[in-house]
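Chemist: Each chain, letter by letter, is given below.
Number of protein chains: 2
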Amino acid sequence: MSTKPSLPQGTRDFGPETVRKRKYILDTIRQVFELYGFQPLETPAMELLATLMGKYGEEGDKLIFKILNNGLGEQNNISKARVAFENVLNGKNDPNLTERALRYDLTIPFARYVAMNHHQLTLPFKRYQIQPVWRADRPQKGRYREFYQCDADVVGSRALLNEIELASIYQTVFNKLAIPVEVGINHRKILAALAEICGGADKLTDITIAIDKLDKIGIEKVRAELIDRGLNNDQVSVIEKYLSINGSNVEKLTTLTSLFTASPSNFPSNLGLQGIADLKYILESNQNLIVDLTLARGLNYYTGAIFEVKATDTKMGSIGGGGRYDDLTGTFGVPGIPGVGISFGVDRIYDVMEEANLFPADVHMSAKVLFFNLGEAESHAAFQLVQQLRANNIPAELYHEPAKFDKQFKYAERKGIPFAAIIGSSELNTRTAKIKDLRDSTQQELPFEQITAYFVDTTTNRS
Amino acid sequence: MSTKPSLPQGTRDFGPETVRKRKYILDTIRQVFELYGFQPLETPAMELLATLMGKYGEEGDKLIFKILNNGLGEQNNISKARVAFENVLNGKNDPNLTERALRYDLTIPFARYVAMNHHQLTLPFKRYQIQPVWRADRPQKGRYREFYQCDADVVGSRALLNEIELASIYQTVFNKLAIPVEVGINHRKILAALAEICGGADKLTDITIAIDKLDKIGIEKVRAELIDRGLNNDQVSVIEKYLSINGSNVEKLTTLTSLFTASPSNFPSNLGLQGIADLKYILESNQNLIVDLTLARGLNYYTGAIFEVKATDTKMGSIGGGGRYDDLTGTFGVPGIPGVGISFGVDRIYDVMEEANLFPADVHMSAKVLFFNLGEAESHAAFQLVQQLRANNIPAELYHEPAKFDKQFKYAERKGIPFAAIIGSSELNTRTAKIKDLRDSTQQELPFEQITAYFVDTTTNRS
Chain S
229 MSTKPSLPQG
239 TRDFGPETVR
249 KRKYILDTIR
259 QVFELYGFQP
269 LETPAMELLA
279 TLMGKYGEEG
289 DKLIFKILNN
299 GLGEQNNISK
309 ARVAFENVLN
319 GKNDPNLTER
329 ALRYDLTIPF
339 ARYVAMNHHQ
349 LTLPFKRYQI
359 QPVWRADRPQ
369 KGRYREFYQC
379 DADVVGSRAL
389 LNEIELASIY
399 QTVFNKLAIP
409 VEVGINHRKI
419 LAALAEICGG
429 ADKLTDITIA
439 IDKLDKIGIE
449 KVRAELIDRG
459 LNNDQVSVIE
469 KYLSINGSNV
479 EKLTTLTSLF
489 TASPSNFPSN
499 LGLQGIADLK
509 YILESNQNLI
519 VDLTLARGLN
529 YYTGAIFEVK
539 ATDTKMGSIG
549 GGGRYDDLTG
559 TFGVPGIPGV
569 GISFGVDRIY
579 DVMEEANLFP
589 ADVHMSAKVL
599 FFNLGEAESH
609 AAFQLVQQLR
619 ANNIPAELYH
629 EPAKFDKQFK
639 YAERKGIPFA
649 AIIGSSELNT
659 RTAKIKDLRD
669 STQQELPFEQ
679 ITAYFVDTTT
689 NRS
Chain G
229 MSTKPSLPQG
239 TRDFGPETVR
249 KRKYILDTIR
259 QVFELYGFQP
269 LETPAMELLA
279 TLMGKYGEEG
289 DKLIFKILNN
299 GLGEQNNISK
309 ARVAFENVLN
319 GKNDPNLTER
329 ALRYDLTIPF
339 ARYVAMNHHQ
349 LTLPFKRYQI
359 QPVWRADRPQ
369 KGRYREFYQC
379 DADVVGSRAL
389 LNEIELASIY
399 QTVFNKLAIP
409 VEVGINHRKI
419 LAALAEICGG
429 ADKLTDITIA
439 IDKLDKIGIE
449 KVRAELIDRG
459 LNNDQVSVIE
469 KYLSINGSNV
479 EKLTTLTSLF
489 TASPSNFPSN
499 LGLQGIADLK
509 YILESNQNLI
519 VDLTLARGLN
529 YYTGAIFEVK
539 ATDTKMGSIG
549 GGGRYDDLTG
559 TFGVPGIPGV
569 GISFGVDRIY
579 DVMEEANLFP
589 ADVHMSAKVL
599 FFNLGEAESH
609 AAFQLVQQLR
619 ANNIPAELYH
629 EPAKFDKQFK
639 YAERKGIPFA
649 AIIGSSELNT
659 RTAKIKDLRD
669 STQQELPFEQ
679 ITAYFVDTTT
689 NRS
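Heads up: the sequence lines are chains S and G, in that order.
Plus 228 on top of the position in the first sequence (first one is 1) and you've got the numbering used here.
Plus 228 on top of the position in the second sequence (first one is 1) and you've got the numbering used here.
What the hints contain is simulated information worked out from the structure, not anything from laboratory work.
Since copy identity is lost for identical chains, a pair holds within one copy or between any two.
The calculated DMTMM-like cross-link candidates involving lysine to aspartate or glutamate, where the alpha carbons are at most 20 Å apart (straight line), are: (1) Lys251 to Glu262; (2) Lys249 to Glu582; (3) Lys290 to Glu327; (4) Lys251 to Asp379.
Produce the complete structure using the sequences and hints provided.
Modeler: Shown next as structure tokens:
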């Protein structure tokens, strides 16, 4: 009966310190979302399999965790279940075996929610959502099968004000977290125009895939990949010219404008100039963005401005990204709802903050003070004081039973409790407590009546 | 391709207002847990099926949501998968078909965590956990397949201080939520002693199941059920005597003591008197508990004090419960870790608060003020002010595009935004804004420089 327990591969327990640090990050982000008028949404972990299938590409579909129907073994279900199982073995989903699955991201559930509720929603609908998602990826360092996503989207508005505000949310959040970042911006129409110059829209995917790797593999290898992908030397040299554009934001956009106006093949659609105009408008209100023409973002559904956040002091790569899309809910029968959204990479943000020691010193503090338990009468008096502190919103503890000093000190130390309050029999007689600051071992004796005030005063505000 | 989307049976989306109200409840509970030195734990949604199976009884096992292994259709897995599937049809679990499942409660994952980490944990370990669980129950009013549990437990301590503090947590939380409650307390050893008087420990389950229903079905039907369950008239009359004990806590415990000391069959174990002594000790520190001798709590693993919370102004039934248990982790190979815990019924608490209109009026407020968008130059000025407000932690919005007054008023109204700030061309010239309180339609004109101070002053603190 007794088995040595373990966790499924790729999943994690979060102990107290980790939960507190994660909460610090998520509360900071949530607070900024709220400052910008975004509203919270939560969707169930389980979605109908039909809602998810076909939305993430063939590879994505395979990584969806499917839930087995209950009651398969019941008499009247057995034959149906057998047929269903053979279908599943053949790569077809069959609702007689599995009709539910775990959420793979937050975007499709959000789209499903908007499609189901768009008549009641006040548009533009600004929602944020912070929930776990599940993917049957092969686990490896930094990649988990259960992890949090943290998204904010505005749907039902084409105004560039949304892009301006989302970029500002990034800057505000990372400023509050004290993580130095660069928020890069580019535009899908600029990339599309580049593809047009290079022989047509069908080259867009090849080009974006290749230039997305510039950071990692360098220009030589990007050039080789472009040739491999069937672009000719003339086209590659246009792309090189594009990638070599540098200078300030204004300089970059000016050079880019010349590149596009010099190429008559861009004229029919004028896409490139539209993209440049959008970026100029956004930059007018937000001068701290960095135009990054090599930024491509993998997802094909982006159609306008795209964002990516990099922590400048680490090599962590992207810790956030997003962009504008045209049609969130078309796949659910509600066309014509455009949107723009951003996403925070919570696990990577955590790693950056851990590496750079950016969490506040008291983030893992549980109680502010531990009252020692030195006997029945003593602990009775201590308990009254502990209850007084709690009534004044000061987290406090009484050690659960009489025990040696050592043991009680160790408990305080291991829980990160900064003060010990000691009431022995002599202190009980004089109605005082020894208050020991465990960080510097200083000590003072206070009358019972002054203890609450002492801790109210020394407590820094913690949310 | 386009399908009308829906949700799996028994699951729910939580829109903005509901998330905010739930957060109000959960934050209140969390804050009190923290005041008492409890620390947060989060475990993954997925556990190994082997961790969960056999822990919830035969009926419980059937209600566990099992996750289908990925890659079943791959060549080298097919024959194994077929065998595994036949095993599952025959009621046996087979890791070649499913080896993971969704968490069914928070207790077993907590036990698994403690068993895996007990060498590193500081005992007593006071943890709280607020996460969803999943059960394949038949959905019905008030019963969902995905719902939150909210638990606090102390493990590694037999001290009654823990019972005293947990009872106090209940009182503090419901006091903060403004829900009038009665926190009832009883003791498993008292029930066990009653069973002994009635012919032996094997009667305990029958007696507890029957008297647990007293509230709902009345004494006549309880008596009939006891007879049905094989108790004789003498035994039933002892139970009736037990159930009729009333008066103050002291009176109840005094009468109960006589009942037990008058029954020599209780003497060998003295269980009843032990239970009474525990209750007296707890009541000495917490006079607001109500001794409720009819309280039984269904779960068989309780061994000491048991608690139940009822909202006194509604017929909602229990909105919380808990108790002491002897052996949390024995099933995972780590014996001898006792504990005591309580649980909050979040969905029912929500319903009670909704029914009695107990949520704060501003709980669903998103932004504090909506700045109207009345053109390019006007909105530019408004945006500067909005950003200033946000920098001062006042949630504010600028309407996303120029639009008719009506539309912008309606947006504010539907999002519960209490103020509108209107900057038209004449206001832009004088660098003022009309500030309209949408709740009473009063209006005033303020210079740009005074707007932030105005909202900082009128803003009540919101976390």
